[in-house]
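Add chains B, C and D to chain A, keeping to what the hints say.
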Amino acid sequence: MDITIVQGPGSAAARVMLQAGEGITTEGGAMIAMSSALHVETTTRKRDSGSIMGALKRLVTGESIFLNHYTAHGRAGEVYLAPTLPGDMLHHEIDGVPLLVQAGSYVASAPSVEMDIRWQGFGKAMFSGESAFLIELSGQGPVVLSSFGAIYPIVVEGEHIVDTGHIVAFESTLKYQVVKAGGSWITAIAGGEGLVCKFQGNGTVWCQSHNAGSFGQALGPLLKPR
Amino acid sequence: MQIHIHRNGANEGPYSPEQVRQMLAAGHLQPQDLAFHAGLASWTTLAALMGELAAATPPQAAAADNRDMEYQVECRPDFAFLTVHIPGGQTLKVEASAMATMSTNLRMKTKVRGGLSRFLTGESLFLNEFTAEGGPGEIGIAPGSPGDLEHVYLDGNTIFLQSSGFVASGMGVQVDSKWQGFKGFFSGESLFLIRCSGKGDLWFNTFGAMIPVDVTGDYVVDTGHIVAFTEGLEYEIGKLGGLKSLFFSGEGLVCRFRGEGRVWIQTRQLPSFAWWTYPFRPTKN
Amino acid sequence: MHATLEGGDAFAYIQVELAPGETIIAEADAMSSMSADLTMKARFNGLAKSLLGGESFFVNHFTNHTSGPRRLTLVQSTPGSIRQVQLQGETLCMQPGAYIASTPDVKIGTRWAGLVSGLAREGFFKLTASGTGTVWYGAYGGLLERTVEGECVVDTSHLVAYEPQLKLKIQLAGGLFSSLFGGEGFVTRIEGHGKFVIQTRSIDGLANWLNPKL
Amino acid sequence: MNRPGSAPDSFEGGAFHPQLPGGRSMGTLRITGQSIRFESPHGGMEFPLSGVQVEMGGAGHRMVFFKHAQFPGCSLFTAQKAILKHPELERDPAVVAQCKQGRRRRLLAAAGVLCLLLAIPAGLWLAKDPVAGLIARNIPVAWEEALGREVFKDITNRVKTVASPEVNAQFGRMLEPLFTAVGSKRYQFKVHIVEDLSLNAFALPGGIVVVHTGLILKADRPEEVLGVLGHELAHVTRQHGMRTLVQRVGLMVMLHSLLGGDAGSAMASGADFLLGQKFSRDHEREADDIGMDYLLRAGIDPQGLVTFFEKIQKEQAAKLGDMAEFQESLTFLSTHPGTDERIERLKKRIARELKGRSFAPAVTDFKAFQDQLRSQLGGKD
Chain A
1 MDITIVQGPG
11 SAAARVMLQA
21 GEGITTEGGA
31 MIAMSSALHV
41 ETTTRKRDSG
51 SIMGALKRLV
61 TGESIFLNHY
71 TAHGRAGEVY
81 LAPTLPGDML
91 HHEIDGVPLL
101 VQAGSYVASA
111 PSVEMDIRWQ
121 GFGKAMFSGE
131 SAFLIELSGQ
141 GPVVLSSFGA
151 IYPIVVEGEH
161 IVDTGHIVAF
171 ESTLKYQVVK
181 AGGSWITAIA
191 GGEGLVCKFQ
201 GNGTVWCQSH
211 NAGSFGQALG
221 PLLKPR
Chain B
1 MQIHIHRNGA
11 NEGPYSPEQV
21 RQMLAAGHLQ
31 PQDLAFHAGL
41 ASWTTLAALM
51 GELAAATPPQ
61 AAAADNRDME
71 YQVECRPDFA
81 FLTVHIPGGQ
91 TLKVEASAMA
101 TMSTNLRMKT
111 KVRGGLSRFL
121 TGESLFLNEF
131 TAEGGPGEIG
141 IAPGSPGDLE
151 HVYLDGNTIF
161 LQSSGFVASG
171 MGVQVDSKWQ
181 GFKGFFSGES
191 LFLIRCSGKG
201 DLWFNTFGAM
211 IPVDVTGDYV
221 VDTGHIVAFT
231 EGLEYEIGKL
241 GGLKSLFFSG
251 EGLVCRFRGE
261 GRVWIQTRQL
271 PSFAWWTYPF
281 RPTKN
Chain C
1 MHATLEGGDA
11 FAYIQVELAP
21 GETIIAEADA
31 MSSMSADLTM
41 KARFNGLAKS
51 LLGGESFFVN
61 HFTNHTSGPR
71 RLTLVQSTPG
81 SIRQVQLQGE
91 TLCMQPGAYI
101 ASTPDVKIGT
111 RWAGLVSGLA
121 REGFFKLTAS
131 GTGTVWYGAY
141 GGLLERTVEG
151 ECVVDTSHLV
161 AYEPQLKLKI
171 QLAGGLFSSL
181 FGGEGFVTRI
191 EGHGKFVIQT
201 RSIDGLANWL
211 NPKL
Chain D
1 MNRPGSAPDS
11 FEGGAFHPQL
21 PGGRSMGTLR
31 ITGQSIRFES
41 PHGGMEFPLS
51 GVQVEMGGAG
61 HRMVFFKHAQ
71 FPGCSLFTAQ
81 KAILKHPELE
91 RDPAVVAQCK
101 QGRRRRLLAA
111 AGVLCLLLAI
121 PAGLWLAKDP
131 VAGLIARNIP
141 VAWEEALGRE
151 VFKDITNRVK
161 TVASPEVNAQ
171 FGRMLEPLFT
181 AVGSKRYQFK
191 VHIVEDLSLN
201 AFALPGGIVV
211 VHTGLILKAD
221 RPEEVLGVLG
231 HELAHVTRQH
241 GMRTLVQRVG
251 LMVMLHSLLG
261 GDAGSAMASG
271 ADFLLGQKFS
281 RDHEREADDI
291 GMDYLLRAGI
301 DPQGLVTFFE
311 KIQKEQAAKL
321 GDMAEFQESL
331 TFLSTHPGTD
341 ERIERLKKRI
351 ARELKGRSFA
361 PAVTDFKAFQ
371 DQLRSQLGGK
381 D
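Top to bottom, those sequences are chains A, B, C and D. Using the numbering used here, the first residue of the first sequence is number 1, and each one after it goes up by one. Using the numbering used here, the first residue of the second sequence is number 1, and each one after it goes up by one. Using the numbering used here, the first residue of the third sequence is number 1, and each one after it goes up by one. Using the numbering used here, the first residue of the fourth sequence is number 1, and each one after it goes up by one.
Bound-form chain A, shown alone (with noise of 0.2 Å):
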């Protein structure tokens, strides 16, 4: 498998060769043109394995109940993927240490990739500004990532403040906490920034440049009232 990140960060899409006998899950929808030589399946899990409840717990991260298997049967081909909004795409190999997502930043993974569902507990889901489940790719191989803005990695060594909204995906061995930002809430609530996530321990975290909701706040107003 060859995954080819083009066009980023503007509007990015993976390519994604298949070599015959090769296969890759995506979100549904993600697909935006492929070789007529590929096989496409559709399902509520990972294939030869998971469950309903798989699907269930996939449902309340608002990813799609459904996932799509492109396989190439025979003989070689490719598939385009890309996400919703404009934005950049993260390829990333899984080495063994778990990588924890922003439910919607899901693109696709390699069938050798496990994926499930973890709650974030309910303070980091009221004010990390992120959604209130991640999901978490583990096991060896490939995946696909998406986000608003471009994806930036920062190695924590020690400490290092995320502003809310900002997270794309971290590596399970580092833990976070929402705090204030600055010193005092006054700075934390005049300087526009309120609350951000601060990590802590040692590990890579995929930070989006921009913040989706911002340009939503600034391009509403011109639009057509609902």
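Since the hints were derived computationally from the structure, they do not count as laboratory data. There's no promise every hint is true.
Stated by the list, open to error - Simulated pairs of lysine-lysine, DSBU-like, Cα-Cα distance not exceeding 35 Å: (1) D/Lys67 / A/Lys180; (2) D/Lys314 / C/Lys213; (3) C/Lys195 / B/Lys111; (4) B/Lys109 / C/Lys169; (5) D/Lys190 / A/Lys224; (6) D/Lys185 / D/Lys153; (7) D/Lys100 / A/Lys180; (8) D/Lys367 / D/Lys311; (9) B/Lys284 / D/Lys160; (10) D/Lys367 / D/Lys314; (11) D/Lys190 / C/Lys213; (12) D/Lys218 / D/Lys190; (13) D/Lys311 / D/Lys153; (14) C/Lys41 / A/Lys175; (15) D/Lys314 / D/Lys347; (16) D/Lys347 / D/Lys185; (17) C/Lys167 / B/Lys109; (18) B/Lys111 / D/Lys160; (19) A/Lys198 / D/Lys81; (20) B/Lys111 / D/Lys153; (21) C/Lys213 / B/Lys111; (22) D/Lys367 / D/Lys185; (23) D/Lys311 / D/Lys348; (24) D/Lys81 / A/Lys175; (25) C/Lys107 / C/Lys195; (26) D/Lys190 / D/Lys347; (27) C/Lys167 / C/Lys195; (28) A/Lys224 / B/Lys109; (29) B/Lys109 / C/Lys195; (30) C/Lys107 / A/Lys180; (31) B/Lys109 / D/Lys160; (32) A/Lys198 / C/Lys107.
Quick look at chains B, C and D alone, frame taken from chain A:
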């Protein structure tokens, strides 16, 4: 994109994607050779870059020099901006609202584009014609949708564009809309196309970046991601995959292209973006 | 201070490395991520700038009180390009809302832009940056620098920044019919010799493109 | 790697060490009598078991970290919690306490997730047609009308309606028997003729009926127009639009409200959806059946529905056939799901139930009405 090559212990280049593609085809370069371009974190193999090369290769490279008017495209691929140099006395047709800058000797005239089909395609009913008076002039064009821009030179051939893809054209290009699909009583989805034929420059744009795909045989594209395709390609609208995929794959309708030709696809599509803006829109009253 | 612009035209962001003792000022909510031990303080921005210049009421001062370099990522609220300008005593005019960040010695102020500018929904005031230091500004879309020798016309919603000696006049795009139906409305006529910067897309243009499809 | 049956002593894990490439390496953790050892292609590390600190950490406290005072800045970790069960570690009271705390945390999280998940099967139920029907029936008619008006406004923004009072009055008279036959107490039907030459008619929730001029002008008999309208009115009275809407968005609304999202967004996107909507085949069939009931009750010859059905099919085929480059798409139309089957069904029912029954012509001056409508369009056809 400028690509640096590392092989036999030495650096070569930089080359354009088109050059690299040709050198690969000729066997001067091997897929396992190392390559690098700005934006990459480290050297990678040419094999890994193949997809990017395909996407970055300017379409219709052979005919790319063919043009009536000088032009340049900047800020590709996300916010492509077109600057056209209009020779004295000549006129350029431009999509309404797209003018961003212009010389003061350009005269603008608004033309109504006829036909009910304009309503159907959801396109603006008006076109602006810019004529350079008393000497050459320059116009900067910024389409409304964030995305890429493409130029083709029509010489008697025909191109089909998605309904909102038209940006600008020379006066020798005929633009008419073709209705496709049927809605309502028979229920179904529709695909509106504009047919561009004649002779002259034509510029069209996308939502998101553009990926040209040269179809030889069979290719499947989500209908929302079709930007344009060349005449002569056979196509058929249908669903993806089997019975379950029909309802649940989330892929909507797809178009199967057959034959020889080029399809331009866009990496984003409007409906899901429009849906996303919903919570941010003002409420009535 | 070492700052680089990344993310291309689409999603430009500023990667800043603050040396010990250095400070950078940024508009509220510009921080995307930062080292946990940078000091962040909100300061009042001044009434004129916030009320007239389209900026936020508070700005954040980020200061490195540690003994090593510290990292900070700043962005604007919309997708788009960012430009970094070194000022050596000269002045730069910006459209309201374009300001993102600056070094402490750059003075940000407001200037009367004219009644017509206000009526054309371009703001009665414009922002100015002067002094010695670095200022970052940005807008939705890509940013392109253009030179005017004599005069030229720019769609009002596309002008982002310009040199102070340029004269701006707001007028109708064509005849009344064209201005109403051709979608161009008001345009800005720029006169003089100098440079200006345009944005290759505008939020207004995006909204006009989206609205018929909503 | 791990021996089944007995406690394993080798675990997948990793190490953080400033000297490792990228500061990190993945490999295997092994517990021997005196030490815990890390092995990887990039090198190894060994902590003596005495003095080793074991703690749960990382995201959601799901990982086991090992640190040692003699090796500052370094740590070993694994996601396999079974390592805590290793006999060498189980002797350490600190480890036992960590285990207990972790178990409590997991239980709490599991309970939370379970609560939310219990609500999901209920949500899936909503997707069922009868339940959607039940909900649709309980939606106030004012809401339906508001929705219909909203969509109609959207249409009139794009196309013109025929304003002539005579034409509308005449058309109203023609439809009167059909409306009486429907006899709906819930809906007040309002008909609008829209200047559009395509063969089309549709009914919106709440009772607004839109008929394209093309449909009227291309009909040979009034029964053809009435047939199509009978079918469309059945969509309204059976609330197919609302039912499909409820089915599609019901689940979304529930989930969004459950998770504190914007429930309205799902609901109000209904307008766009209704204009481009696709009824299920069952709904189409039901509309065919009930539409024919209405026609019979009104004393209108249902043959009109069948002939017009066939006409539309032929017309579209011919129209597309004209364009050489669109010929391929004929396959798309001719294979349109179930059209032939629906025509067959209607024909069979007519043959079965209406043998020999004759119908009075619906209106006598249909040609005159068409001419008048045509004149309203300023002669362009």
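Here is how each hint holds up against the structure:
no. : hint                : in the structure
1   : D/Lys67 / A/Lys180  : 30 Å, holds
2   : D/Lys314 / C/Lys213 : 31 Å, holds
3   : C/Lys195 / B/Lys111 : 33 Å, holds
4   : B/Lys109 / C/Lys169 : 21 Å, holds
5   : D/Lys190 / A/Lys224 : 27 Å, holds
6   : D/Lys185 / D/Lys153 : 24 Å, holds
7   : D/Lys100 / A/Lys180 : 31 Å, holds
8   : D/Lys367 / D/Lys311 : 18 Å, holds
9   : B/Lys284 / D/Lys160 : 24 Å, holds
10  : D/Lys367 / D/Lys314 : 22 Å, holds
11  : D/Lys190 / C/Lys213 : 26 Å, holds
12  : D/Lys218 / D/Lys190 : 22 Å, holds
13  : D/Lys311 / D/Lys153 : 30 Å, holds
14  : C/Lys41 / A/Lys175  : 26 Å, holds
15  : D/Lys314 / D/Lys347 : 17 Å, holds
16  : D/Lys347 / D/Lys185 : 30 Å, holds
17  : C/Lys167 / B/Lys109 : 26 Å, holds
18  : B/Lys111 / D/Lys160 : 21 Å, holds
19  : A/Lys198 / D/Lys81  : 25 Å, holds
20  : B/Lys111 / D/Lys153 : 27 Å, holds
21  : C/Lys213 / B/Lys111 : 22 Å, holds
22  : D/Lys367 / D/Lys185 : 33 Å, holds
23  : D/Lys311 / D/Lys348 : 18 Å, holds
24  : D/Lys81 / A/Lys175  : 17 Å, holds
25  : C/Lys107 / C/Lys195 : 21 Å, holds
26  : D/Lys190 / D/Lys347 : 30 Å, holds
27  : C/Lys167 / C/Lys195 : 12 Å, holds
28  : A/Lys224 / B/Lys109 : 28 Å, holds
29  : B/Lys109 / C/Lys195 : 28 Å, holds
30  : C/Lys107 / A/Lys180 : 29 Å, holds
31  : B/Lys109 / D/Lys160 : 26 Å, holds
32  : A/Lys198 / C/Lys107 : 33 Å, holds
In summary, the structure agrees with every hint in the numbered list given earlier.
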